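Peer 1: Read left to right, the sequence shown gives residues 580 to 760 (the working numbering).
Hints are supplied without guarantee of correctness; some may be wrong.
Computed beta-carbon distance windows for the label pairs [unchecked claim]:
1) Glu672 with Phe648: 45 to 55 Å
2) Gly652 with Met705: 27 to 37 Å
3) Gly733 with Asp664: 44 to 54 Å
4) Pro736 with Asp664: 24 to 34 Å
5) Val688 with Ala735: 47 to 57 Å
Calculated cross-link-like contacts (lysine-lysine; reagent style DSBU-like; alpha-carbon spacing at most 35 Å) [claimed, not checked]:
6) Lys639 with Lys659
7) Lys703 with Lys659
8) Lys711 with Lys659
9) Lys600 with Lys659
Calculated from the structure, these hints are not laboratory results.
Note that the structure is predicted; figures quoted are calculated from it, not measured.
Each residue gets a CB set at the ideal place from its N, CA and C atoms; glycine is no exception.
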Amino acid sequence: MAAIEANINEEFAIGSVLSIKTTLGEEFEGQVVAFDRLSNILVLQEGSKSGPRRNIRLLKANYIKELTFLRYGEDPLDPKSCYLDLNCLQAREESAIRQAEMDAERIGVGVTTEAQNIFDALFKTMPVRWDKTVIVVMDEVRVNSPYLPECVTGGAPALNERVKKVLENERKRLQSRGAGQ
580 MAAIEANINE EFAIGSVLSI KTTLGEEFEG QVVAFDRLSN ILVLQEGSKS
630 GPRRNIRLLK ANYIKELTFL RYGEDPLDPK SCYLDLNCLQ AREESAIRQA
680 EMDAERIGVG VTTEAQNIFD ALFKTMPVRW DKTVIVVMDE VRVNSPYLPE
730 CVTGGAPALN ERVKKVLENE RKRLQSRGAG Q
């Protein structure tokens, strides 16, 4: 056991460049950035030799089928050779925040699970938003609690009928799902 541990420590040493085949059939090369023995996770840096961009891959070590030590590379943690595209990171952060805000707006406050399911069904086919506990479709049609077809008001007749149809179908689906439980 001690010989195996010593071998793992040597092969997973920071800076080691490895060729790896996974149990899922994937083959790649990467440089060891870190190895966490407790979680058995290997942190590898993949990247092209032609540019500063790198991918970081977290790999559970028990998914390694074959492992070949290729060489020792430069220290991947050396701050002088690390590259972070701050503009790209900031854009990704802003995009994630916008997406989280949009996701949060789709969650009704003080509404039943059934009301949320109906909202989600409407959301799949047309723009909807919450106005407190009222579902507003395309800024024209309003669906009030208890979210039945007769609770649909406003909007053009065709849109009004479309919303009623989606409501009827979603209620049927919810009832059949409830009966199956």
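Peer 1: The structure should be examined with respect to each hint, and the outcome stated for every one.
Peer 2: Results of checking the hints against the structure:
Here the CB-CB span from Glu672 to Phe648 is close to 37 Å, at odds with the stated 45 to 55 Å. Evaluation of the 27 to 37 Å hint for Gly652 and Met705 yields a failure: the beta carbon distance comes to about 53 Å. Restraint check, Gly733 to Asp664: a C-beta distance of roughly 48 Å satisfies the suggested window 44 to 54 Å. Checking the proposed 24 to 34 Å range against Pro736 and Asp664 shows it is violated: the Cβ atoms sit about 52 Å from each other.
The supplied range of 47 to 57 Å is broken by Val688 and Ala735, whose beta-carbon atoms lie about 29 Å from each other. A hinted pair counts as satisfied when its Cα atoms are at most 35 Å apart, and Lys639 with Lys659 qualifies at roughly 29 Å. Between Lys703 and Lys659, the direct Cα distance comes to roughly 48 Å. Violation of the 35 Å bound is thereby established for this hinted pair. A hinted pair counts as satisfied when its Cα atoms are at most 35 Å apart, and Lys711 with Lys659 does not qualify at roughly 53 Å.
Proximity of Lys600 to Lys659 is assessed by CA-CA distance (about 31 Å); at most 35 Å being required, the pair is judged to hold.
Of the hints listed earlier, those the structure fails to meet are numbers 1, 2, 4, 5, 7, 8, in rising order.
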